[in-house]
Amino acid sequence: MQPDDVSRVLAPALGPKLLAVEPFAGMAGRVRFERGAALELFPRVRDDLGFRHLSMVGGIDWVDHREVFYVVWSDAAHQYLLLSTDVPADNPRVETASGVWPSANWHERETWELVGIEFDNHPDLRHLLTPDGYEFRPLLRSFKLHEPEELEVKTRHV
Amino acid sequence: MTTPAPLLVSKPAEPLALGVDLPMVDQPAVPFIEIETLRAKEFIPAAKEALGSLIAEQGQAKVIRPVFNWAGRNSLFPLHWGLACCAIEFAAAFGARWDAERFGVVPRSSPRQCDVMIVNGTVTWKVAHKLITLYEQMPEPKWVIAMGNCATGGGPFRTAYSVVPGVDKLVPVDVYIAGCPPRPEAMLDGILELEKLIRERKE
Chain A
0 MQPDDVSRVL
10 APALGPKLLA
20 VEPFAGMAGR
30 VRFERGAALE
40 LFPRVRDDLG
50 FRHLSMVGGI
60 DWVDHREVFY
70 VVWSDAAHQY
80 LLLSTDVPAD
90 NPRVETASGV
100 WPSANWHERE
110 TWELVGIEFD
120 NHPDLRHLLT
130 PDGYEFRPLL
140 RSFKLHEPEE
150 LEVKTRHV
Chain B
7 MTTPAPLLVS
17 KPAEPLALGV
27 DLPMVDQPAV
37 PFIEIETLRA
47 KEFIPAAKEA
57 LGSLIAEQGQ
67 AKVIRPVFNW
77 AGRNSLFPLH
87 WGLACCAIEF
97 AAAFGARWDA
107 ERFGVVPRSS
117 PRQCDVMIVN
127 GTVTWKVAHK
137 LITLYEQMPE
147 PKWVIAMGNC
157 ATGGGPFRTA
167 YSVVPGVDKL
177 VPVDVYIAGC
187 PPRPEAMLDG
197 ILELEKLIRE
207 RKE
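Chains as they are written, first to last, in the working numbering: chain A, 0 to 157; chain B, 7 to 209.
Quick caveat, the hints were computed from the structure, so don't treat them as lab data. Virtual Cβ for every residue (Gly too), placed ideally from N, Cα, C. Do not take every clue at face value.
Chain B is faced by these chain A residues, among others (derived, beta-carbon under 8 Å) [what the hints assert, rightly or not]: (1) L128; (2) T129; (3) P130; (4) F135; (5) P137; (6) L144.
Straight-line alpha carbon distances no greater than 30 Å define the calculated DSSO-like cross-link-like pairs of lysine-lysine that follow [stated by the list, open to error]: (7) B:K175 / B:K136; (8) B:K148 / B:K136; (9) A:K143 / B:K175; (10) B:K136 / A:K143; (11) B:K148 / B:K202; (12) B:K68 / B:K148; (13) B:K175 / B:K148; (14) A:K143 / B:K132; (15) B:K202 / B:K54.
Go ahead and model the full structure; you've got the sequences and the hints to work with.
If you want it as structure tokens, here you go:
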């Protein structure tokens, strides 16, 4: 599967909300989309293109904005596909993918607690790796390494 | 006080049938010793009476405490859990090569059967309250060994966002073992240090 094949299926349905489909690192392509189009895009990627397995969800802090990406896998094509969208840093919100791929649940919990991306309509947005009540977003570039004592006071919960 | 019957019965020594003239053949062999358990019925009341008079004479702390300390330090049961790479060395110490069981150290899988918790690895804040729960489930008296640099002070992850900078922030630690990870010999040395502490325990 080539980027053109992906674009041929997705472009008629999404229209201008599909920003670009680019070649990317041996994958089937990199789909850049408007964040409002998430719920229209995900079922089409799963059903029309056949990417039935969500391999990972992650977030990147680009300082002026943040990026959420989804890596999906197709058994039939034996290929990965990267879906990525930009969210503003002051309102990092995107619709959850866990209704389409249930495995997104824990990945989005991790992305939420480490990069601070808020996932709307997520069924169970709790801390996964960090303790409850942890107020830092450690994978943001604004996060500085703390003195242990300083961090300890803020995270003491036991 | 009746005199208890002798407890030891010796078998006559048999000459070794090796066909070789060894120098030890003419020596008296070590007698085969067998304890007759039936005579414990007679022995135990007499021993109780003797111990009772000893306690009355010397005071309970002086007599009983060394016995408990001796029993405790020779049967240290660590909690069988592994947090990180130090647990590999911890496991190796119980293998055939180092054989920590010769010191009476047997890892147990339930905290209610343990008296020493060996924290072997990086403790994160996420697992901190589980560590405290396990510690509180252990019966008194109990001790904690911080094994390796991570448990001692956070190690190379000290400034990380999720690591407890030393397990002594959570539970009282008796013995610290340095190393990243410590060798099994170092872990056994730490256990022997703990045995010295228990030997001096007064109350």
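Now for the hints, and whether the structure bears them out:
1. L128: holds (6 Å)
2. T129: holds (6 Å)
3. P130: holds (4 Å)
4. F135: Holds, about 6 Å.
5. P137: holds (4 Å)
6. L144: Holds, because the Cβ-Cβ distance from A:L144 to chain B comes to roughly 4 Å (cut-off 8 Å).
7. B:K175 / B:K136: Holds - the C-alpha atoms of B:K136 and B:K175 are around 14 Å apart, at most 30 Å.
8. B:K148 / B:K136: holds (17 Å)
9. A:K143 / B:K175: holds (22 Å)
10. B:K136 / A:K143: holds (27 Å)
11. B:K148 / B:K202: holds (15 Å)
12. B:K68 / B:K148: holds (21 Å)
13. B:K175 / B:K148: Holds - the C-alpha atoms of B:K148 and B:K175 are around 17 Å apart, at most 30 Å.
14. A:K143 / B:K132: Holds. A:K143 to B:K132 sits at ~20 Å (cutoff 30 Å).
15. B:K202 / B:K54: Holds, at roughly 29 Å.
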